[in-house]
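Kindly produce the complete structure, drawing on both the sequences and the hints.
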Amino acid sequence: MIGSNWCKMDTGSGVASRGSSRPIGYSALKRFVSLAILLQIIANCDYGFGAIRSVQLVVEPPAVRRGQHATLRCLYELDDSPLYSVKFYRGLREFYRYSPSQLPSKKIFPFPGINVDASLSDNRQVVIKNVGFGLSGNFSCEVTADAPSFSTATEQASMQVVELPDSGPTLWTEHSRYEPGDVLRANCTSQPSRPKAELTLTLNNMVVYTSHEETRTTTDNLISSSLTLRLHLQSSHFGSGLLPGLGGSVGGPAGGALLLRCTATIGKLYERYTELELGVPQRDPIPARVTSSSATRILPGIPGGSTGSLTGWLLIAMVIALALAMLHNPALDLQTISHSPPAPSSMLQR
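Mapping the sequence shown onto UniProt numbering, position 258 (from 1) lands on 258, and the numbers just tick up by one.
Do not take every clue at face value.
Below, in silico cross-link-like pairs of lysine-lysine (PhoX-like), each with a Cα-Cα straight-line distance of 20 Å or less [claimed, not checked]:
(1) Lys106 to Lys129
(2) Lys268 to Lys196
(3) Lys129 to Lys107
Derived DEER-like restraints, expressed as beta-carbon distance ranges [said to hold, decoys possible]:
(4) Val183 to Gly267: 40 to 46 Å
(5) Pro100 to His212: 56 to 62 Å
(6) Arg124 to Asp166: 33 to 39 Å
(7) Val207 to Glu94: 44 to 50 Å
(8) Ser176 to Asn205: 16 to 22 Å
(9) Asp146 to Val207: 56 to 62 Å
Since the hints were made in silico from the structure, they are not lab data.
Even for Gly, the Cβ is constructed at its ideal location relative to N, Cα and C.
Shown next as structure tokens:
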């Protein structure tokens, strides 16, 4: 909003005399004079700027944490006229003024919640200490030039007082492992803040929309937001493909697991997330099936079958008996046994 000084009008310009060689009609002369006066007014008007070339109000930082300091910078340029005053307003109420021609040059007006640091404030800025939530809103600075123009220009800007969460959101699920057909129940809750954090749930990098959102206000006027999810899981949720009702492709962890993430954001000031990797249930091992054509184990090196088995056992018994006989009678050896005289015929006959 820019105030203007009076436009200067010079009507002393000459008009064609009646003694001209080519007489001009009265109506034409009247129109010519009116047009000349209008052009003179337009040329001499400053359109409200006067001695003020430009004004800009900058809030640093634009979003300040509760309890910190904020600086309002009024950037202006003057032409020939000196500065008369700089005023700062919260809404329509003035709280600080700088007038170089007055003593004291700095004046502070009481305003609830505004604590001006006079040592850091001057004709270009005002510093507010220990800001609270009540100061969120519009501020303005008004610059007035001194004589001869006394022109005035005003500019405004907005300040936001915030309290950011101390940590990321809390993410909870009913189980740690899921399979197709299960119902995924989850909850995401942000830490108290002001303004409240916006929560977003994603499953394998795809946004999951839920309408069940709650907010809770603490005794310190901070706000905590909460999202509750109930999703019937399908096979497509566990692998590459499309999520029903969500669109797009799935990009989850390997092995068919689910990656659930909750992200909390507050404009461009804050963004934190918490994620959980939900695996597939571990199944009990299945014993290996053992098959055989016969329940009888066959010793290696011994012919199989019923007759072969009996012959093998007789051969083993004979070897054991021979070994025992040699132990009891060392003089007996294989050569003696092989050369022993034949039995008498009488004995054979008997």
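Structure versus earlier hints - violations, ascending order: Violated hint (a single one): 4; every other hint is consistent with the structure.
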